[in-house]
Structure formats: C-alpha cells, structure tokens
Amino acid sequence: MAEKPRIKLPKDAKRGEIIQIKTLVAHIMESGQRRDKDGKIIPRMIINSFLCTFNGTLVFSCGLESAVAANPYLQFSAKVEESGTFRFSWVDDDGTTITAEEKIAVT
Amino acid sequence: MRSLTRRKALILGAVSTTTILAGAPRGVRATPADAATEIAKFTGGKIPQTGRITIELPEIAENGNSVPLSVVVDSPMTPDNYVTDILVTAEGNPWPGVAVFKLTPMSGRAEAATRIRLAASQNIVVVAKTSKGEVLTAQRQVKVTIGGCGG
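Listed in order, the protein sequences are those of chains A and B.
Each residue of the first sequence is one higher than the last, beginning at 101 in the working numbering.
Each residue of the second sequence is one higher than the last, beginning at 304 in the working numbering.
Hints may be right or wrong, so weigh each one.
When the alpha-carbon atoms are kept at most 30 Å apart in a straight line, the in silico DSS-like pairs for lysine-lysine are as follows [said to hold, decoys possible]:
1. A/Lys179 - B/Lys435
2. B/Lys405 - A/Lys111
3. B/Lys405 - A/Lys179
4. A/Lys108 - B/Lys405
5. A/Lys104 - B/Lys405
6. A/Lys122 - B/Lys446
It is worth saying that the hints were derived from the structure and are not from the lab.
Could you build the full structure based on these sequences and the hints that come with them?
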C-alpha cells in the first residue's frame, strides 16, 4: 500500500473543543462476492478494523465488513483537552497494518 | 440444526412485519431476519427502543458502490453517559453487517460517517448501545439504481 492515508483535522483547537476527523485510505476492499473470468470467487481482502487513539487513549474504533466501499472513508469526532498526537491504524484481512499520525495544538 | 429457541422465535416475530414490507428475499441476499439475528447478537437479545438516532442517507443512491452514510445519536457523551457502540446493518446485502463503530467519552459527539455498498434498494437498520444499558434503533429506506456488489 504505497499511497499515504489522507487525514483531515484542524491544526489547532481550543481546550474542550470537539473536532471533526476525516480519514481515507486507499484500499480495494475486495468483497469476496465477486468472481473472476473463470467463475472463481475472488477471495475477500478488506480493511476489517480501524483504530484512533489520542496520546495513547482510545478515541474511536470500528469493525468493518465488506459492505464498506473501496478506499474506506471514515468520519468521526474527538474532544481535545490538551495538545498531542492522534494515531490511526487500519488492519487488513491478512494482518497488514497501515498507520498514520497527526498532531494538534490545543490552547 | 438446533431447534428454534425462544429468543429466536421472539426475534422472528418482531421482524415479520418488516419482512412483509421489504418483500420476499431474493437469491443470496440477506433477509431482514438475517439482519435481525445480527442485531440480536449485538444487543444480547434486548429489544431496542426506536428513536434518538438520525441516519443520513440519500433517498435515491444512483451508484450502490459508494453511498454516503452518516449516523448521529442524541447523547451527552459524558464519562457516565455515552454511546458505546453503533451497529449498521443492511437488510438487502449479501451479508447484513456493514460496520460497528465503537465510541468513547473522548469522541465528544456520538456520530460517525462512512461510504457503503448496497446491492439493491433496501432498509438500513442502525442500533446503538449506551453506557447506561439503553439500546436504541432507527431505520431508513434507500433506493438503489445500480447495485454495488457486481461481478
């Protein structure tokens, strides 16, 4: 997975502010329902879980099924009380993990 | 095969009305009963209360490969009263599960959005659990012009 995940969140925020986080990661999300031209089922290969922590504390996580569209987009919010780092990770069916991080300054 | 347990019988009863509304299941698609089984697993058999959930979905999705979905639950999201889990199911997809969002008091707002695949016009059922043990539900119908499970 060469492409970097795209993450959108504000660079700074006020203490106690609820910010919105948008993430998008490039992934085929092969559903396991499709067949190739020989009629064989193409095995499922999806991002099945996502996790977001802030300064080590879990903020948001989710389990995904094959009904999530290719290049999974996730939007959620977070309440920030201090400056720090958001860490994101996406886990694939074969255990491949994509990670990213973003900093935020809280005043 | 295990015999029909009391819990299953109750669930089947609860969804029979929905089944009639949604029409007979076709081919390999999930049925409202499959979605209900998924929901029952999620709630531990508790019957959800309708309301406090807003589902945003287009009324007509032209391309079932990518349909924007957003869910908002009315909750104070304080450490002692917050939404813990939100389950999204699609009654007319090959597999009823779509996603489970897990929130924390640090989420600030009980909301999540993504883009989903829909095989056909169907009902999207959302169930949310709170830290106080409440189980809430809402559903929304979506019309799909071109199904998104092709191939």
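To see whether the hints hold, each was checked on the structure:
The hinted pair formed by A/Lys179 and B/Lys435 meets the criterion: a straight-line CA distance of about 20 Å does not exceed 30 Å. Distance hint between B/Lys405 and A/Lys111 is fulfilled; the C-alpha atoms sit about 25 Å from each other, no more than 30 Å. As the CA atoms of B/Lys405 and A/Lys179 are separated by approximately 15 Å, the hinted pair is consistent with the 30 Å bound. The hinted pair formed by A/Lys108 and B/Lys405 meets the criterion: a straight-line CA distance of about 20 Å does not exceed 30 Å.
With a CA separation close to 24 Å, the supplied pair A/Lys104 and B/Lys405 stays within the 30 Å bound. For the given pair, A/Lys122 sits about 26 Å from B/Lys446 by alpha-carbon distance, which is consistent with the 30 Å threshold.
Consistency with the previously given hints is maintained throughout, with no hint failing.
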